[in-house]
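*Asks:* The opening position of the sequence shown corresponds to residue 21 in the working numbering, with each subsequent residue numbered one higher.
Hints may be right or wrong, so weigh each one.
[What the hints assert, rightly or not] Computed cross-link-like contacts, DSBU-like style, restricted to lysine-lysine with a CA-CA straight-line distance of at most 30 angstroms: (1) LYS116 to LYS38; (2) LYS239 to LYS193; (3) LYS263 to LYS128; (4) LYS134 to LYS70; (5) LYS218 to LYS38; (6) LYS231 to LYS176; (7) LYS34 to LYS218; (8) LYS178 to LYS239; (9) LYS169 to LYS116; (10) LYS239 to LYS54; (11) LYS169 to LYS218.
In case anyone wonders, no lab produced these hints; they're calculated from the structure.
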Amino acid sequence: MNNADVYNNIEDFKKRMKKEFVNINVENGIEIIKALRSKDNILVLEFPNKIGISGITQIKKDRNKDYICIYVNTNEPIGRRNFSFLHEIYHVFYEKSNRGYSLKRYFKTDDIEKRAEIFASNILIPRDKLLIELKRHGCKKGKAITMDKIFKLQIKFKASFQAIACSIESLNKDSRYNERYQKYIPNIEANIRRYYQKWDDLEEKTLFDNKNNNLNSIKPEYIFPEKFKEDIYKNFKCGRISKNDILSIYDFFGEELK
């Protein structure tokens with residue numbers, strides 16, 4: 021498989037989603053994420069790590085169904101989480117990771133990881149929609165895009181700063197878009213790229229622009245999986261789990277038993 025095949029996978033994936041979730045808008049990445057997370061055979065675990073793992077996918081085969089567990093690192097900017105989830109979804113549907121986990125340092129050197137990044141980027145930030153937004157914000161070829169416009173695009177697509185900037189850059193190399201579209205594609209200059217790793221500075225500028233935009237903030241939280249919560253609560257009500265045990269679990273996730 022080569023990188024060009026990813027676009028066929030993207031169209032295949034959208035068809036699958038449309039078939040499974042009849043009323044879904046497959047051009048809305050957040051709708052796709054919500055639909056997938058609602059499936060009873062997908063469990064999403066979200067907590068921090070400091071070793072650079074963005075995500076992990078484990079698939080357990082039962083007699084009649086595959087059970088999928090996806091881990092997402094919360095020790096990265098909040099806007100990255102949706103992207104990380106879709107990156108792992110690529111591994112579920114198309115190509116398994118060479119390592120069983122996704123490390124950021126391999127995203128530019130490992131061909132499978134590159135394709136997972138392209139897939140996640142195009143599902144979360146559909147290029148047709150991105151071009152419409154660039155035109156709406158008055159962006160033009162040869163002109164540098166400003167940070168405040170990237171922040172607005174982040175909010176629109178619920179994506180990370182780097183994901184938006186890289187998506188814009190990718191349009192120049194995308195054969196699907198001819199000269200008619202190129203006139204709306206702005207430059208991503210060095211002063212933008214410098215914030216890809218300077219997360220503290222990026223967060224400060226983001227909150228100065230819009231105090232309600234937390235997409236560039238890091239919140240290393242342990243998120244209680246809703247399906248797990250429902251399951252243990254049912255077991256508690258049925259007497260299979262003691263009150264002390266369930267209180268310990270709730271305390272671990274920083275929540276109160278109601």
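*Asks:* Now look at each hint and say whether the structure bears it out.
*Replies:* Each hint tested on the structure:
no., hint, in the structure
1, LYS116 to LYS38, "holds (23 angstroms)"
2, LYS239 to LYS193, "violated (34 angstroms)"
3, LYS263 to LYS128, "violated (48 angstroms)"
4, LYS134 to LYS70, "holds (22 angstroms)"
5, LYS218 to LYS38, "violated (38 angstroms)"
6, LYS231 to LYS176, "holds (16 angstroms)"
7, LYS34 to LYS218, "violated (34 angstroms)"
8, LYS178 to LYS239, "holds (16 angstroms)"
9, LYS169 to LYS116, "violated (35 angstroms)"
10, LYS239 to LYS54, "holds (21 angstroms)"
11, LYS169 to LYS218, "holds (19 angstroms)"
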